[in-house]
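For chain A, the structure is supplied; the task is to place chains B and C on it using the hints.
Residue numbers (the UniProt record's numbering), protein chains in the order written: chain A, 1 to 360; chain B, 1 to 297; chain C, 1 to 254.
Be a bit skeptical, because a hint or two may be false.
[Claimed, not checked] Which stretches of chain A does chain C cover? Using the computed rule of at least three CB atoms under 8 angstroms from a CB of chain C, they are:
{"no.": "1", "region": "187-201"}
{"no.": "2", "region": "209-220"}
[As the list claims (entries may be wrong)] Short, incomplete list of chain A residues facing chain B, as computed with Cβ under 10 angstroms:
{"no.": "3", "residue": "ILE43"}
{"no.": "4", "residue": "CYS47"}
{"no.": "5", "residue": "GLY312"}
These are computed hints drawn from the structure, not numbers from a lab.
Glycine residues also receive a C-beta, built at the ideal position from the N, C-alpha and C atoms.
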Amino acid sequence: MNMSPVLHDTQRRDRMLTIGAALLGLALLFVFDSMFDPFTMQIFKLCAINIILALSLNLINGFTGLFSLGHAGFMAVGAYTCAILSMSPDQKAANYVLQPIVPWLANVHLPFLPSLLVAGLFAGFIGWILGIVALRLRDDYLAIATLGFSEIIRVLLTNAQTITNGSLGLKGLPRYTTMWWAWGSAIAITIFLVLLIKSSYGRAFKSIRDNEIAAEAMGIDVFGMKVLSFTISSALAGIAGGLLAHYLTTIDPKQFIFLKTFDILLIVVLGGVGSITGSVVAAIVVTVSMEALRFLDGPLNLGFMVTHGIPGLRMVFFSALLMIVVIYRQQGLMGTAEFSWASLSRIGLLPKRSSKEAAR
Amino acid sequence: MDLQTFLQQFVNALSLGSLYALIAIGYTMVYGILRLINFAHGDVFMIGGYLAFYGISTFVIPWWLAVALAIALTTLFGVGLERAAYRPLRDSPRISIMISAIGASFLIENLAIVLFDARPKAFPVSDFFAANYVFSGVYVAGISLIIPLVTIVLLAVLLWIVHRTKTGMAMRAVSTDIDAARLMAIDVDRIISITFAIGSALAAIGGIMWALKYPRLEPLMGIMPGLKCFIAAVVGGIGSIAGAVLGGLLLGFIELMTIAFLPELTGYKDAFAFVLLIVVLLVKPTGLLGKNQGEKV
Amino acid sequence: MSTLLETKNVNKKFGGLAAVTELNLRVDEGEIIGLIGPNGAGKTTSFNLITGVYTPTSGSITFAGHDITGMKPHGITRLGVARTFQNIRLFKEMSVLENVLVAQHMRMGTNILEATLRLPSYMKRERHIHERARTLLAEVGLSEHENAKATSLPYGKQRRLEIARALATEPKLLFLDEPAAGMNPQESVELMEFILKIRDQFKLTIVLIEHHMQVVMGVCKRLYVLDYGVTIAHGTPEEIQNNPKVIEAYLGVE
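Bound-form chain A, shown alone:
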């Protein structure tokens, strides 16, 4: 390995910068947690959940090159699993008014962490089964089949009255998803995905995206790898679903209509299909601006005239933005590029070499 002293110093600088940034992030989280009003906090929590959703969709769509539109279904599985496991027997009795919950679930009452983990595992398991079925298909056939599975899951949830409480949904879930839970999960999952993508498995995923036939000829078990990627992606979507359930505190099957997948797809495309950095940045920008642009739906004072509220104008803005990006800048914000300290040096925000090296 080439380990010249120059490289070494830059590496050390980058490590210091990373540690510094992590500490700064933690400090900010602490400040936010203690200073901001509950409304602002809700938005920041939603940012974290959307980061997980965008990253997990990007793993399958961006890194493995499989166009899946089933994410809403796996979120729903995670949300319901986590909610049902963590509700107290009393809460269940209060919720299941039309028909009582099945006895084997009635007295289950787990803390948040195990509920969330089981939610991820169960969503992953469902993803594994559906993946084995759907991943025989390609391209748009895969897209429409996964969308179909997502809708089938939603219809099943609506009809499984004694397990999910059907279309009435579940209300009054404990507000477990704190700033720490949301951001803790988002950061852990981001690190996990960065390491996964950089590993030999990540390379295998990308080789399938780039050329399936060649990947197979190079000894990659393409089908197995696709199922693996799909399973991980579903499990992460399930965890995000669990966090979302205890963030909203109310869930019902309608929230998980396939259009929800399109919301996440919007973030992934804007950030750059195949870029972790892009998904993280876009998740934050889109979530914050969704709130910031809420005024568009209300009465507007344009100076010369005041409009009545136009509900929906905000979504017109976002869908138009998506179209503009797809047509004029397909690579989105980042393309397949990732953030690194070196890239900051390249655009001149950091010195090319540390001052010590420059002095030499």
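Chains B and C alone, transformed into the frame defined by chain A:
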């Protein structure tokens, strides 16, 4: 179940299936030529219904004129959609084009919410369409009779265009091999525009008939019928007009007959299409009447 | 010398069209075999049948004592069969180095947890495959391009990268599909030397499809000639050159 109930359901399924078929044709033609799922097709269908509504209710023009104008404007809309959202991406990866289609659908739906209002509108249905006619105990709404008839006529016209005219020949050529067609001096852009025009006109007619049958307009009304009709096209064999008709009818019959015979499955109605899709894709991925296409190594 | 690959009465039909008829290849260890014939003769289809891209309609294929008929391509690669592609198929968004690293994934034998958590057992293997990938890139003269995007390389270098990538799978048998395509005479001579060199260095057996007769005659010990999917001749280069059937297939009859 007695014969009368069966006939009643048969008539209902026939008219629903015919509507599905009409919309599925638009999907199958576009897919046959561009290998693109036109996610916005269901929204084009919705636009058709709304335009007819505004013609009849707001501008109070005669219904036949309102319908004709709505079909014409929707056709233009469909052609414009292709120009704006799909043509710039003709040579892009398929995923980009599909995202563009999803984005276009998203945009049209949200614009519809802003322009048409999210609250449902009641579509004015004249007595002629709404009246029930009784044939030996089977109730048939006027519109339920008209839908299959209109579908048959339109299908005949379409098949004549595709198989008997020069434009139709060019369409078949483009769908077989777009590059070879271009080398044969076929104006591919024009053919694609015509395909979108035909598909959108059929969607508009479908949308208006849908509104006559279920007289309630909503900006998101096109999503579910749109998805189901795409599925109908896939089930029938994408790229095949006969397949789209077969798939549409099949889906209409499965949906209504299952509920008629197994009422306890009513809650699962919206999942039938997706289950059918997955079964067909796994058993015969090319659909019932589709041709096999593999990647060349 | 023992037989490494044998195909027995292999047929492949697409719909009603017979792409390959009664293919009977026998390849001994250490040989370099040429597969020649006019365009559309079924040469690449034969490669695809042996490497598992297509399943034969009938017949059997044996490699190193294993029946590989109908096996999946990655399983066949695992047994020690590697290939290059006529229409270059590199991993286009990945770097030159990564292209070679991917080909070693199956030989690493790590599980996903070890790899993601970067456990020492994984890191050791990762360092090893990096070293090996760099050696292979040096072998084909692509060292200075290791961080370039694979598709940014000029055509000839992309072909060499394909060979390096195939070698990285640790094959016993290597299929080269038109390795000299688009090369000038000078490069072709270098390619011949290169093929002989890797055969000895990596103890390979090589089957190649090639239109460049200079290359075929220069390196192949035996040739099979295909026409319309049928093996019309088989023998040493000298025998083939004088075979009237072959001349007829290439030049047509009066």
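So, going through the hints one by one against the coordinates:
Only when three residues or more bring their CB closer than 8 angstroms to a CB of chain C does the claim for the region 187-201 of chain A stand; here the count is 6, and the claim holds. With 11 residues bearing a CB less than 8 angstroms from a CB of chain C, the region 209-220 of chain A meets the requirement of three and the coverage assertion stands. At a threshold of 10 angstroms, the smallest CB-CB gap from A/ILE43 to chain B is about 21 angstroms, leaving the interface hint violated. Violation of the interface hint for A/CYS47 is found here, the shortest Cβ-Cβ separation to chain B being roughly 21 angstroms, above the 10 angstroms cut-off.
Against a cut-off of 10 angstroms between C-beta atoms, the interface hint on A/GLY312 holds, since the closest Cβ of chain B lies about 4 angstroms away.
Of the numbered hints listed earlier, those contradicted by the structure are 3 and 4.
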